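Chain order of the listed sequences is A and B.
So that you can map any letter, position 93 of the first sequence is 93 in this note's numbering, and since no number is skipped, the others follow by simple counting.
So that you can map any letter, position 205 of the second sequence is 205 in this note's numbering, and since no number is skipped, the others follow by simple counting.
Treat the hints with caution; some may be incorrect.
Where chain A lies over chain B, by a calculated footprint (3+ residues, C-beta under 8 Å) [stated by the list, open to error]:
id: 1; segment: 125-136
id: 2; segment: 354-366
id: 3; segment: 643-656
Derived lysine-lysine pairs resembling DSS-like cross-links, with alpha carbons at most 30 Å apart [as the list claims (entries may be wrong)]:
id: 4; chain 1: B; residue 1: K269; chain 2: B; residue 2: K195
id: 5; chain 1: A; residue 1: K7; chain 2: B; residue 2: K25
id: 6; chain 1: A; residue 1: K72; chain 2: B; residue 2: K147
id: 7; chain 1: B; residue 1: K452; chain 2: B; residue 2: K656
id: 8; chain 1: A; residue 1: K164; chain 2: A; residue 2: K72
id: 9; chain 1: B; residue 1: K147; chain 2: A; residue 2: K149
id: 10; chain 1: A; residue 1: K164; chain 2: A; residue 2: K45
id: 11; chain 1: A; residue 1: K45; chain 2: B; residue 2: K25
id: 12; chain 1: A; residue 1: K127; chain 2: A; residue 2: K7
id: 13; chain 1: B; residue 1: K559; chain 2: B; residue 2: K711
id: 14; chain 1: B; residue 1: K137; chain 2: A; residue 2: K127
id: 15; chain 1: A; residue 1: K72; chain 2: A; residue 2: K45
id: 16; chain 1: B; residue 1: K573; chain 2: B; residue 2: K269
id: 17; chain 1: A; residue 1: K127; chain 2: B; residue 2: K25
id: 18; chain 1: A; residue 1: K149; chain 2: B; residue 2: K137
id: 19; chain 1: B; residue 1: K452; chain 2: B; residue 2: K711
id: 20; chain 1: A; residue 1: K72; chain 2: B; residue 2: K137
Hints listed in this document are in silico derivations from the structure and should not be mistaken for laboratory results.
These numbers were taken from a predicted model, which means no experiment stands behind them.
Quick reminder that beta carbons are idealized off the backbone N, C-alpha and C, glycines included.
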Amino acid sequence: MSRVVAKKICMIGPFAVGKTSLVRRFVDSIFSDNYLTTIGVKISKKIVPLADTQVQLMIWDIEGVDVFTELKTSYLRGASGVLLVLDGTRPKSFEMAEELVSLLREHLPDAPVIGLLNKSDLSVEWKLGDLEIAAVEALGVQTMMTSAKTGENVEQAFMALVEKMDATASVSAS
Amino acid sequence: MSILGGILEELGVAAFVRLDDQSFKLLSNHCLWFSNLYNALRADSKPASEGEEDSLVIAEQDFCQAFPFIEHFLIDAQTVWDNPGRGSVNSGIWTETDLDGNEYPLEARACHIQSQLILLIENHSSTFGHQHAVYQKARNIALLNEKLVSELNQRQRELQSEIERHLMQDATLQGIADAVSGHTSGVMVCQPNGKVAIKNKALVDIYKVTNGNDLRRASLLEQWMTEAEEQYPELKRIIETGSYWEGEFESSDSSENRRWVRLTIGPVKDKSGTVAYYVCVANDITDLRSVEGFDAEHGAGGYDFTTRLPNRRHFWQHIHSLAKNDQPQGRGTGLLYIDLDYFKRVNDDLGHQAGDFLLSAIASRISRNVKHNDFVGHLGGDEFVVLVRSIESDAQLTAVASRLLGSIHEPISVDGQPMQITASIGISTCYESVIDPTLLVRQADLAMYAAKESGKGQSRFYDPSMESSIPHNIQRERELVDAISNQQFVLHLQPQVCVRDTKQFKAEALVRWQHPQLGLLPPADFIAIAEASGLIIPLGNWVLMQACRIGADLNHSGKPVCIAVNISAKQLKHPDFYQTLENCLEQTAFPAALLEIEITESCFLEDMESVIRLLEKIRLLGVTISLDDFGTGFSSFNYLRQLPVDYLKIDRSFVKELPEDRESRAITSSIISLAHELTIEVVAEGVENSGQFNFLCGRNVNFIQGFLLFKPMPVEEFVRLFSLIEELNGRNKWIDEPDFGTL
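Sequences are here, hints too, so could you generate the full structure?
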């Protein structure tokens, strides 16, 4: 029987970018078009396989950042990895990426971060060009286009983060 | 149930005492909501045990397994429990879901009560719906607002471009006025002196003017510049130099009510290159900003997206906060305003992605070269600032500027292309006890502009005389228009001497302005203004025609000399250039084989393919092509192979360092050797001493040009010299004794 290890990951990003929808798609395989804002934190769990290990993900879905709500950095404590979610249809959401990555580097210097450019199904409204994507990647954040609605890259994004976390842990251990 | 238990149940609070064994004792086991939730979340393991007096006692491990959030919160809680003086700590809201899918918005608090360590878990279910609805509504509005702002900005830019395009296509003012009369954006078209040519109703509405036919203002443009100056001290300079600007600032209507306005201003120039109109589009964004929760001083997102440096808003917030405190006696503050030179070329040539990469690299270099306490900001575009506090003398700032110029100029590889970039730095200082932020920034901006005007790649301290330099340039631009009409220019010729074959003798045509009051002005005094204003096209055409005339006369009198003419990138890319060139050759009967055009690498920026096609076409006429200033900026042998050029001119900056500087020696040798491999001949310009001359001759350079041999000279003098050279050639002197100093 393979061993189970628990890992905390955080979903962060501006408000209304689809963090909760991504978690629901990943954990429960469901999606709703209605925007229901998150207040505070909600923790979901999902076990995923990684080589001969079972990883129990504790997914912290953290309330989105807006002019009234700052990212509560204490929520990041102990996280092994972060999914930074941006909305590809809203230029304003890209502008906050840099600030959020700065906070992550300050509070979680070693944790891998993947940037999810969400709502890829909304191709007509998509406003994230190569320039913006390059700017996010210049922050040291690998990016993936995702859609909680269609499920595009959702599973892959979480698994990519798990693998990065595993690689980071291996480097730290050695 | 005790009264206390009843009260806690009513309040939805589960209260625990932390016991010595780290477990938690529920103060009232009648807290049904908690018991149910805990048992649901702990359904896979043992139920809570009963302690003394029938209270629930939960081991920390079990508590944390049921509530992972609590495990996290206990770290904060412990710091309070370990330090009674710290009061309490709150966890913030988190949500748990029971097996039936019911959600519980919870909040934990840790505190001391009567020396007991207390953990309270509050269930917000009864009030959360209302709180959530408020947040939901606020965020829905914020989303809608974002969309509106995005669309508004886009439409405003489109309207601005459309009006400018119509004006440039000579549409009538009345036609444009009719087209914008009902537009929801405020539109004003005015002359540089502020006289309004077009205004629409929306603009009148923004400014609450009672008489719709008259804005009752001497110049709204001037008012805007004054109002926006606090946030955008460079605005005045941008407008006066005829560039596009957009921004947001507070503006007063006729009743002195303050409104937030988003304004775009774009110049429209006439055919002579003079600004004829400013097209201004304004939108009242007061309501949008209030929904955004925006504040000029304390807005969100204080960092630039690309460079990760504090942005303009952040910078202003910082400098204003500094200004609130007096400076220590004898200490001052310095501001360095940094603008990258030719940055637009990088964006145009290599794309915005490369441009952003370069900005990030430069931002990093600037940050590395200042002290930890110095403030570095990225104001936008290619403009940066460094604020240095507590200086004792200007010399400290000179040292900082020198470090920055050196660091910025270090080679950098962008998309595999090696390049070097320079910057112009303006420096202002304040040694008074109180800083005036606006003045400090405006003076640094003016000094930066002066550094650019003086040739770029340098720093300048603010000097009050700079206050009049912009009007001076505008005046100079107007004089240039007259000079072109009145043909106040003359051409001088500077020989380029072939080192190995004296039969090849060339000359570069160099323009001088015979200014009616100032005398003979060198190109450095007017070419940059001509370039910026577009006057370089008529001026360049005059030079080309005149050079062909001189060359034809020389040829006609039995002195066939190849004349090299400088062609600017703007001139070369002008759709009529090829036709103009053909006309010049035809009208003057100057043999095309005796004409050489000197272009710079900037000609190949943007659309390299079409420039190559044009040059190949020009070469078919028989005209030769010379690539000027090679070795600076974007020099790359990778693309040199593709260019149809016959000559390459090594930039004088490398020649100047010869033969002492090892790097210049290596670069010069490499350029000559590789050019020869590509069958391109090399001209070295700026040769001023025999050391340079001998080195270059030793490297087999083909042509030498410089003060060591000949200065630029009037045509008559050149004719006399030509005769002398012919005579010397007859004696075969050059080949045996290259002693040009005697000439």
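Verification of the supplied hints:
no.	hint	in the structure
1	125-136	holds (count 5)
2	354-366	holds (count 3)
3	643-656	violated (count 0)
4	B:K269 - B:K195	holds (16 Å)
5	A:K7 - B:K25	holds (29 Å)
6	A:K72 - B:K147	holds (26 Å)
7	B:K452 - B:K656	holds (22 Å)
8	A:K164 - A:K72	holds (24 Å)
9	B:K147 - A:K149	holds (21 Å)
10	A:K164 - A:K45	holds (19 Å)
11	A:K45 - B:K25	holds (27 Å)
12	A:K127 - A:K7	violated (34 Å)
13	B:K559 - B:K711	holds (20 Å)
14	B:K137 - A:K127	holds (25 Å)
15	A:K72 - A:K45	holds (21 Å)
16	B:K573 - B:K269	holds (19 Å)
17	A:K127 - B:K25	violated (54 Å)
18	A:K149 - B:K137	holds (23 Å)
19	B:K452 - B:K711	holds (27 Å)
20	A:K72 - B:K137	holds (22 Å)
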